[in-house]
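Q: Chains as they are written, first to last, in the working numbering: chain B, 1 to 105; chain G, 1 to 521; chain D, 1 to 821.
These are calculated hints, taken from the structure and not from any lab test. Do not rely on the hints blindly, as some may be mistaken.
In silico DMTMM-like links for lysine to aspartate or glutamate, alpha-carbon gap of 25 angstroms or less [to be verified]:
# : chain 1 : residue 1 : chain 2 : residue 2
1 : D       : 412       : D       : 323
2 : G       : 121       : G       : 173
3 : G       : 467       : D       : 189
4 : G       : 466       : D       : 83
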Amino acid sequence: MGLGAYIAVSAALFALGIVAILVRRNVLYVLMGIEMILNAANINFVAFNRFNHAEGSQSNLDGRMFAIFVIILAAAEAAVALAIVLNVFHLFNSVKPAEADLLRE
Amino acid sequence: MQSQILTWITFLPLIGMAVILLMPKTSMNAIKGVSLAATFVTMVLGTWLYFSGFEQRSLAEIQAARAGGDILGAQFVQRFDWIDSIGVQYYIGIDGLSVALVWLTTVLLFVGVVASLGIEKAGKAYYALLLMLEVGILGVFVSLDLFLFYVFWEVMLLPMYFLIGIWGGPRREYAAIKFFLYTLAGSVLMLVAIVALRLDSGTFSIPRLTELAISGKLMGASLPAHGALLGMDFTTWVFWFLFVGFAIKVPVWPFHTWLPDAHVEAPTPISVILAGILLKLGGYGMLRACFPLAPDAFHESAFALGVLGVISIVYGAFVALGQSDFKKMVAYSSVSHMGYVLLGMAAFTEWGMEGAVLQMFNHGTSSAALFLIVGVVYDRAHHRDLNGFGGLSQLMPRYWALTTLGFFAALGLPGLAGFVSEAMTLVGAFQAADTRFQVLVLLSTLGIVFTAAFLLYAMQRVFLGKKNAKYEGIEEINAREVFCQAPFLFLCVLFGILPYLLLDWMHPSVQNLINILKVQG
Amino acid sequence: MTAESHFLAFDPAQDFKLLFLALALPLVGYVIQLSAGKRLPRQGDWLLTGGLFATASITVLMFAKSLWAAYHGLEFRHHSGDEAGLWFHWFYSSDELANGVANVSAAIFYDPLGAAMLMVVGVVSFCVHLFSIGYMHGTPRYHIFFANISLFTFAMLGLVLSDNLLFLFIFWELMGLMSYLLIGHFSHDPSSGYFHKWATKACKKAFLTTRVGDTCLLVGMVIFFWKFETFRFTELWRLSIEEIARHQSLHPGEYPLWMTVGGLFIFGGTIGKSAQFPLHIWLPDAMAGPTPVSAMIHAATMVAAGVFLLGRCYPMFTPDVLDVIAAVGTITAIFAATIGTTAYDLKAVLAWSTISQLGFMVAAIGLGGVVAGLFHMVTHAFFKACLFLSAGSVIHGCHHEQDMRNMGGVRKHMPITFACMLASTIAIAGIPFFSGFYSKDMIILRAWENILGGKFTGASFFAAVGLPLAAACTAFYMFRMIFMTFSDSYRPGTVESPFAHHGGGHDDHGHDAHGHDAHGREEQGHADHGHADHGHADHGHAAPAHAHAATAHGHDAHGHDAHGHDSHAGHATPHESPLPILVALCILAFLGVFGGHFWLADPLHALKFWEHAHTWFETSVSFQSLYGAQIGDRLAAAVAVDEHAAHQAHTVALCVSLAVASLGILVAWLIYGRGWERSQRIAGRITHAIHAIYEVVKGKYFVDEALGTAIVVDMKRKDEPRYEPDASVIGASVQLANFLGWIDRNVVDATVNLVGRIGMSFGTGSATFDRVVIDGAVNGVGLFTQTFGSLVRLFQSGRVQQYATFAVFGGLALAVWLILL
């Protein structure tokens, strides 16, 4: 299986994530979209790491390590984001991003 | 430390200023304490420098140093590159011309701070500016690099503007702007001349420029049209540009009109500093950075300078006689007294030059005392009308006694400092090679008589005669005011009786300067 | 006993230190007195008087040494620098450091003239201190008074001991300061009434007037320094003589012009300090000071310093200068003597007398009679100090009355004072056996020697006629004073005078009814001529320079009660003064009487006054002893006359001196010596007869008015009277000052302001440009931004998703652009 397949999966996942962020009305879906984008990136990391080096080469694990970092980051991000969501809910009594338009001011 | 003493003296007040800026506005006592401490330590260092640190060199030693490239025989020299791209150096040092004035500056500023202790308005800014002013003044006296000299010259201008403009009297804005514009106009001329000198010679170093000038290599040869400007050849216009820049500071008639306004509006300590030391910068600048850089032009225009000096002397005394404002009268007396400086320098004899240098110092002490004296009565009566007092000697006998001493020091009574320098100047001027100076000396004696006249007339109106009932309960001069005046009156007496305490220091450097200027002739 | 081992031989190792001690004591006293005087017991008067006694003792001892040397034919010229290495380096701390430039170094110079003068100063000063203990007792600022006269003494001693012109000038000016402070003593004391106002102006006038002279002296010094590069007297003398000789070898019979000019300027110093015409104006007003001050400063010492200066500078004067000196001296002598005949204020009489006598001295030096002039300076110091102190004693005894018309008969009440004053008066009048005779006779002799010997003929004729005339006037007005003050009976309150109210609030007196003011006095003087009963002399002018006219409406009806006099003033009989005053008087009277002949080797010779005798002064002081043998011989040769002429002159001078003195005394007796009432009638008739002349003389020839320096002390007006006539020197100066002040504001400063205004209009112009063009552009940009912003605003919904959409499509567009293009 070639690199192209991995990239295709990744691109699809990324596109889904983007769409989720842009069109879903519930903020939780937006969060999920972000997770999907992050995971799309993870796939790319691992895939490029795998294909950029010769078989059996132990010298470089950068891509995989970044993927692990991203996963950790995503966990943290989720925690923070959920906290924000809770606050937004308190403020607007809603979890719809369209109604939180304070940035306009 | 000792080799860097000049840097320490110059920038110690800056440290004080930085500390003050970091302090909260409300802790006035701490701010005053810091200012006092900074100026006091500076004064101690300055006094040490004068009486112990500075080595009295004989003329022969100074001339020997000339082989080593140091034409001035400066001491405590520090020299390293500062702005490399245009050749500006941090080049400082003192010789017999500047050391006494450095010392006087440190003393004056300390007394200035003490005299300011009553000022409450925006104290933090006031003391910070005062310390900045000290940095500027000291910097001018120690600079041996023309650019550095100019930088300090401008540094001093700004605080003075604010000190008059914010803490002054009713017409303070007018006076401050007048002062600022006048001095700035002079500075601009100076800057043009400095830049021209740099372009011609490739250096800002004053000793080097002097060296070049006296060997005839500073004639604008490397400039387009040989540096001619406004129909004057290079040295002439450079000389006059520098001269006018310094003459405004002295002030020489007819550039003097900023002085009465600035003095009348400035608060007392600022007047003291203004008259005591700022005016000396002009005379010092001429000796350091004007005459030696254009000796030919100096010799050509010496008589004109002498005439300006005598006009200042006589005119200042007459106008002072016509004043009814106490402070304005003292201000005009400064014009008159500083005229001797110009007359002595223009005469270009040893006693003339030396009398001029000495007069700068002596006027520093006596005029400081006079302005403090005016301040005392102004603080109590809130006016300065000479006709509005009367009989104060009965109410304030101690104040009267100090005033008498100050007045007689100012009118050049023998035994007090002013006489020595005035007599030296007059004798020196009379000896000038140009016999027209003898006429000038005769004319300037009118100034002696009328100086006595306006001071004694003021004395009579303010202190003698019938008591003005309005001031029946007026408070006698207090300890702080006595403390402020005492150093100056003491110095007036000390240097009147033992003038060699100043002249021994100045003499070799003045002789050296004369030798330098004579070379070209 | 060898000359060296005798106790009266001068010992440089010790005696310079003693002299220095004599000089330093008053200075130390001054410092102590100024800092602690008020807290000392009796305010420290004993301390200073004691110190002065020590000083006086030293000066007398040193004087004895000079006399001893003179009578043993030894040279007596000592210089502390040359003989003992005692120098005071002034400008530079060492001559090496001066490096070729003249250093000013001072040392003590002690010669016979210095010795005599120092003794005079020491003794007079001591007497004045002693006198002041009695006289000033209980007055305000008592300790300051003592401090000041002590410092004055220091200055005068320093002046006498100076070996160079510059230091002489320093002490000279210091004396001027002390004179200023002491004349102004009462200006700080409102309780002194009349003197309070008078002193306020008089002190300034005195200082400024002498300052004019001092400035001349400074210029003279500068001129001589210019050529000779030294201030030392010995050098100046030598170089002057050489210069004259050199000049005459080139131009026979001529003298260097610059020396004439320089000499005239130096003489200017004397004109100011010794109150010579026309700068004499300050001395009568200096009487506003306390009487001891008048005695010391304005009679015996400071004013004599001008004569001393002439003595010190004599070899530097060319004959032209000497002619001017002689002429000015003679003019002053006559001029002041005539004014002295019209004064009523006891002290004013003495003040004019002092000016006149100073004129004698100055004239003598101008005539080449240096020894005579200096001798008169010494004798005059004693008897004039005594006269002033006696006058002070009288004033003290008469409750501060100074007007002689209100005295009379004081002899009975104050016998000792009378004796002292009479002795001194006889001395000044020039009666044989009294000191003044010998010195004055020498001066007149000098004038006649010049004429008969054919020397200096220009001014000599004038002096030979003028000086005897002045001497006659002197004898007249001095005895007039004695008769008016001491004879007949006591008559207080005869005329109204401002003095008697010393201590009382005179300000509040209602004088308006009399209506005299500065201008009124002349009118009144004319209007009342018809009152023969009182005589013109009655309408008087209490004192010179006070326009405080007396009333002439009858003595009896004068009505003191209406004026609210203090009870003590006026009618209480005079009383003899306390002991310190009398002791001081007696010392001075003794010296005044015997100062002329006392030290003669042969006492019997003294009785033969008609033979020219060598007084102690001539033995001690001569051209040779003053200026050294070489210079002295040359100077002596210049004034020497042949024996025949000298003999003739001696006879003439003796006859003239005796004649004028007797004439003056006789006339004084005829007019004033035969009762008060009669004297008023006679005087009235005389003044009426020569009324025009009398008015001019009485007005002091209106010199003050011409110079604008007249002091008007008007007790009636509450406000300070201003008397600044425009048509006078002072008025013109003040106007010039005001004019220059106007120039400074309206021309010089206006120019600056004009430049500023031009700058401002440029500024306004560029401000308009700035507003319209530059600011317009800026505003244009702003407007554009605003419009654009409101467009862009539409996109700003505040919705995160919308923004993200923009971002994504923006990113896509960018990517497409980058990839495709």
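Q: Please go over all the hints and tell whether each is borne out by the structure.
A: Tested hints:
no.	hint	result
1	D:412 with D:323	violated (48 angstroms)
2	G:121 with G:173	holds (16 angstroms)
3	G:467 with D:189	holds (10 angstroms)
4	G:466 with D:83	violated (54 angstroms)
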